[in-house]
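A.B. asks: In case you want the letters, here they are:
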Amino acid sequence: MGLEQHFPALIIAILFGIAFLSPLLFRWARKLSAPVLITTLAMATMMAVYLLVLVYQGGEFSYYMGGWPPPWGVEFKINLLRVYMLLIVLAISLWIMVYALKDLEHELKQELMGWYYSLYALLVGSMAGIALTNDLFNLFVLMEICAISACAIISIKEDRACLEASFKYLILSAMGTGCFLLGVAMLYMVTGQLNYDLVNEALPAAIELYPNNMFAAAALFIVAFGTKAALFPLHVWLPDAHASAPSPSSAMLSGLVIKIYAFALFIMFYQVFPRPLLESIPINEIVLWLSAMGIMFGSIFAMVQVDLKKMLAYSSIGQIGYVFLGIGLDDTIAVTGGFYHLLVHAIMKSMLFMTAGVIIYSTGIRQIKQLGGIGQVLPITMIAFTIGSASMIGLPGTGGLISKWYLALGALEIGRPIFVVIILASSLLNAVYYMPIIVNAFMQQEEFEHEVKPVPRQMLIPLFVGMAAIIFFGVFSRPVISLLENALQIFF
Amino acid sequence: MEMLIRILHNYYYMVAILLFVIGMHTMLTHSNLIKKVIAMNIMDTSVFLLFVAIGYTYGGAAPIVAENSEILYVNPLPGSLMLTGIVVAVSITAYALSLVVKIYRFYGTVDYDEICLIRSQE
Numbered sequence: 013m014g015l016e017q018h019f020p021a022l023i024i025a026i027l028f029g030i031a032f033l034s035p036l037l038f039r040w041a042r043k044l045s046a047p048v049l050i051t052t053l054a055m056a057t058m059m060a061v062y063l064l065v066l067v068y069q070g071g072e073f074s075y076y077m078g079g080w081p082p083p084w085g086v087e088f089k090i091n092l093l094r095v096y097m098l099l100i101v102l103a104i105s106l107w108i109m110v111y112a113l114k115d116l117e118h119e120l121k122q123e124l125m126g127w128y129y130s131l132y133a134l135l136v137g138s139m140a141g142i143a144l145t146n147d148l149f150n151l152f153v154l155m156e157i158c159a160i161s162a163c164a165i166i167s168i169k170e171d172r173a174c175l176e177a178s179f180k181y182l183i184l185s186a187m188g189t190g191c192f193l194l195g196v197a198m199l200y201m202v203t204g205q206l207n208y209d210l211v212n213e214a215l216p217a218a219i220e221l222y223p224n225n226m227f228a229a230a231a232l233f234i235v236a237f238g239t240k241a242a243l244f245p246l247h248v249w250l251p252d253a254h255a256s257a258p259s260p261s262s263a264m265l266s267g268l269v270i271k272i273y274a275f276a277l278f279i280m281f282y283q284v285f286p287r288p289l290l291e292s293i294p295i296n297e298i299v300l301w302l303s304a305m306g307i308m309f310g311s312i313f314a315m316v317q318v319d320l321k322k323m324l325a326y327s328s329i330g331q332i333g334y335v336f337l338g339i340g341l342d343d344t345i346a347v348t349g350g351f352y353h354l355l356v357h358a359i360m361k362s363m364l365f366m367t368a369g370v371i372i373y374s375t376g377i378r379q380i381k382q383l384g385g386i387g388q389v390l391p392i393t394m395i396a397f398t399i400g401s402a403s404m405i406g407l408p409g410t411g412g413l414i415s416k417w418y419l420a421l422g423a424l425e426i427g428r429p430i431f432v433v434i435i436l437a438s439s440l441l442n443a444v445y446y447m448p449i450i451v452n453a454f455m456q457q458e459e460f461e462h463e464v465k466p467v468p469r470q471m472l473i474p475l476f477v478g479m480a481a482i483i484f485f486g487v488f489s490r491p492v493i494s495l496l497e498n499a500l501q502i503f504f
Numbered sequence: 031m032e033m034l035i036r037i038l039h040n041y042y043y044m045v046a047i048l049l050f051v052i053g054m055h056t057m058l059t060h061s062n063l064i065k066k067v068i069a070m071n072i073m074d075t076s077v078f079l080l081f082v083a084i085g086y087t088y089g090g091a092a093p094i095v096a097e098n099s100e101i102l103y104v105n106p107l108p109g110s111l112m113l114t115g116i117v118v119a120v121s122i123t124a125y126a127l128s129l130v131v132k133i134y135r136f137y138g139t140v141d142y143d144e145i146c147l148i149r150s151q152e
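Chains as they are written, first to last, in this note's numbering: chain A, 13 to 504; chain B, 31 to 152.
Please keep in mind that the hints were generated in silico from the structure rather than gathered at the bench.
Watch out, some of these pointers could steer you wrong.
[What the hints assert, rightly or not] Far from chain B, some chain A residues (derived; all Cβ distances over 12 Å):
hint	residue
1	Ile26
2	Gly29
3	Tyr68
4	Gln69
5	Tyr76
6	Pro83
7	Leu92
8	Lys114
9	Asn150
10	Ser167
11	Pro288
12	Met308
13	Leu440
14	Ile483
[Unchecked claim] Below, simulated EDC-like cross-link-like pairs (lysine to aspartate or glutamate); rule was C-alpha separation at most 20 Å, straight line:
hint	chain 1	residue 1	chain 2	residue 2
15	A	Lys180	B	Glu97
16	B	Lys132	A	Asp171
17	B	Lys132	A	Glu170
[As the list claims (entries may be wrong)] If you want a taste of the chain B side facing chain A, the calculated C-beta under 8 Å gives, among others:
hint	residue
18	Phe50
19	Met54
20	Met57
21	Met70
22	Met73
23	Val77
24	Leu80
25	Phe81
26	Ile84
27	Gly115
28	Val120
29	Ser121
30	Ala126
Ideal Cβ placement from N, Cα and C applies to all residues, glycine included.
Please model the complete structure; the sequences and the hints are all you need to start from.
C.D. replies: The following block contains the structure:
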């Protein structure tokens, strides 16, 4: 009966608390505000590790907010998959924040830093909440917090492109949450419950009576989470938003925010909706083909971009497709691959946006054309870019290969080899747009003619961590894969 | 015919869905940014209407439990949930409007087509 039994709520509480405090801290004790945020994120990460140990030892458990069990109170569910997602969110946001401290100094006005920390903590807290919550309405509130803070860390830069991009993002994500709430209304109408498990118990009886409600809810959820996670035809907001934001925000948005909604969609379809419903209508087929189209078109759009960050943003549309592909294939191995890709892509895309940030910080260049010969002046950054790209393409020894391998195995398992072809083709397309940058950066003979500022160590250390992580997850994939296999047992 | 009667009986659901579609259509197709924000509110409000309509029972009393009374109550849960929903919608609206103000300062217009025109001329 100690403090540790409250860790699930405490993780979110300390993050929201620090969101409230950091503008005040920034005003009164400016030196303290950044270390306090870093400490909080580190503490939250450690709590999440403790939760992982707890789940490994004692299996899944629930946390009731205020001691009220469902159907009265909000329930947090702590099982392997939730904790896996929670750990990804917290550890990667800690990593990005370390990088952000230096990078933001030149991208933001000095007096806005306190507000940025506040928004950042809100964003991380709401994503941690989405990972843990077991209540539909709680999920809606957390999604709205996540949407506002995600838009705000774009628009905080206050140039024209950022404002427009975040307005577009805000409108489309408001449409997403509107659709989600309507879907929740459809479910609440026939079940009278909001807790995932209770809805799941009540649905089989409800399907008999009101099948149309279920179909509407399923369709609305696809639109809602598809918009927020940039599933292919609903991705239009992503390139502008992710490309114009300050680099740490881009890393955060591309690395984590779109992933958490893919995760939420998975939980909706596999935990809330009963299996017979999933099998009676072709939801998975829809997700599958949309994601396949996203994988191809994201890569094709990325090829024609001239702006480095825009190219990375379009590449995200392709890569989130892999996660949805895993979900749509509806097979343990494929979903394992999808979730492994969620982790690996979070690391590599964050790192690629960080390298883009370093390049912009050091030389001010955003155009891909002007990057020729940059490998001689920024060697570490470009090596990090090379490793990140290798993982995007899926070269052996990097994490990207493992996830694609499992996705392909899953596709073969259920007898759909066409998706293996799509995975291979998109790997080739990835190579088409990442390789020229690397070749140009290292092989060009001419001197690099732009002015180069020295890169501070604080920005380079996160890159080393990222490189190490990508190679680690490429070589020692077994622990995470076996964790995922355990975690997914309850869904299949 | 039976379908029509069912729709007539549940006309408040139909109104909510109609409002939702109006809001969504306006939000996605109109070029005026303020109108987009208004449409966003219409869309949110329609969902609130739907939720409150779900919770209503004909002839129900306010859900205050008096001692040994056996009357029918209105479901209070959707109402209280929508209170939270309204707060969320207000904050989204405030944020969206503040963005519109900033965009107006840069371009001198709140019309998206004109903004695109200004950008293409630069």
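A.B. asks: Take a quick look at Leu440(A) and tell me if its Cβ sits farther than 12 Å from every Cβ on chain B, holds or violated.
C.D. replies: Answer for Leu440(A): holds, closest chain B Cβ roughly 35 Å.
A.B. asks: Beyond 12 Å from every chain B Cβ: check whether that's true for Lys114(A).
C.D. replies: The claim stands: Lys114(A) keeps its Cβ more than 12 Å from every Cβ of chain B (closest is about 27 Å).
A.B. asks: Would the non-interface assignment of Pro288(A) survive a Cβ cutoff of 12 Å against chain B?
C.D. replies: Given a closest Cβ separation of 25 Å, the condition holds.
A.B. asks: For the pair supplied as a hint, Lys132(B) and Glu170(A), confirm whether the alpha-carbon distance does not exceed 20 Å.
C.D. replies: holds, 8 Å
A.B. asks: Can we keep the Met54(B) interface hint, with Cβ of chain A closer than 8 Å?
C.D. replies: holds, 6 Å
A.B. asks: Please confirm whether Leu92(A) is truly not at the interface, meaning its C-beta sits more than 12 Å away from all C-beta atoms of chain B.
C.D. replies: holds, 30 Å
A.B. asks: Far enough from chain B: is every CB of that chain over 12 Å from the CB of Ile483(A)?
C.D. replies: Given that every Cβ of chain B is farther than 12 Å from that of Ile483(A), nearest at about 41 Å, it holds.
A.B. asks: Identify whether the interface hint at Met70(B) stands, where standing means a beta carbon of chain A within less than 8 Å of its own.
C.D. replies: Hint on Met70(B): holds, closest Cβ of chain A at ~5 Å, below 8 Å.
A.B. asks: Holds or violated: the hint that Val120(B) contacts chain A, with Cβ atoms closer than 8 Å.
C.D. replies: Violated: closest Cβ of chain A sits about 11 Å from Val120(B), beyond 8 Å.
A.B. asks: Against chain A, with CB atoms and a cut of 8 Å, does the hint on Val77(B) hold up?
C.D. replies: holds, 5 Å
A.B. asks: So, Phe50(B) near chain A? Judge it on the closest CB pair being under 8 Å.
C.D. replies: holds, 6 Å
A.B. asks: Taking 8 Å as the limit, does the beta-carbon of Ala126(B) come near enough to a beta-carbon in chain A?
C.D. replies: holds, 6 Å
Comparing the model with each earlier hint shows violations of hints 6, 9, 10, 15 and 28; every other hint is respected.
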